[in-house]
Amino acid sequence: MSNNGRNEEEEKALFSHRLEIRRIFIDKFLIGSFIALFFFIGNLVIEDYRRGAQKREFYTQKRIEAVVPIREAYTVMFDKFDSSTVSYTEKINNLPPEYSKLTDAFVKALAKWNVVLSDEFREEAEYQSWIFEEFNQLDFTKGAKINKDSTINEIKRYRQFSNELNITFDALCRQELGIVEDKKITLFKLEKWSKKKAEEQGAERYLQVNFKKWKQLYDK
2 MSNNGRNEEE EKALFSHRLE IRRIFIDKFL IGSFIALFFF IGNLVIEDYR
52 RGAQKREFYT QKRIEAVVPI REAYTVMFDK FDSSTVSYTE KINNLPPEYS
102 KLTDAFVKAL AKWNVVLSDE FREEAEYQSW IFEEFNQLDF TKGAKINKDS
152 TINEIKRYRQ FSNELNITFD ALCRQELGIV EDKKITLFKL EKWSKKKAEE
202 QGAERYLQVN FKKWKQLYDK
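In our numbering, the protein residues as written are 2 to 221.
Accuracy of the hints is not assured; some may be wrong.
Said to hold, decoys possible - Below are the EDC-like pairs computed for lysine to aspartate or glutamate, each with C-alpha atoms no more than 16 Å apart in a straight line: (1) K214 / E200; (2) K102 / D80; (3) K113 / E73; (4) K190 / E124.
Since the hints were made in silico from the structure, they are not lab data. Please read all numbers here as calculations on a predicted model, not as lab measurements.
Produce the complete structure using the sequences and hints provided.
See the structure below:
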């Protein structure tokens, strides 16, 4: 074989070798790029999840900070209504003056933590505040002058109704904190009124509508 033939073969081999090296380099570069991209996206996902987890943890903590004092204010208010009406079989009175201070404290607790509460919790809690405030407007002594036994029976029904509301509110607080409730438990649902309807018809009407609804369910 002539020198020219050998040189040509060597050049072809060298060219082929260079192409192979280039291909290997490109393949490794692409693989490296894909790996880098994979880790980059993975880090973004992890970071996004971490931020989301931190945000969820923050709001969970804030809701705990909100629900605990709200539940405490509600409990004190409910206990005062319950303890003030338990002895009405002996002597019928209206609710004591301090009861209105406790309903005000509950409303203020709701207003203070309003921004971190869910819409459902805020709405249901507001409905309950209307009812417990309206309890203070009931004149039990007036009815007792006409028919004491009938008035005593009505007071008992209001006490049972308030206890139903207390059970419902406790479940609502647990739900707000992410505690799963037993789905078999049937909770009383208050009527959903808009603020406009509430302003037009008033808290007294709202109380009576829900009290009647509860009695119909209770008497079944």
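Unmet hints by their number, sorted upward, for this structure = 1
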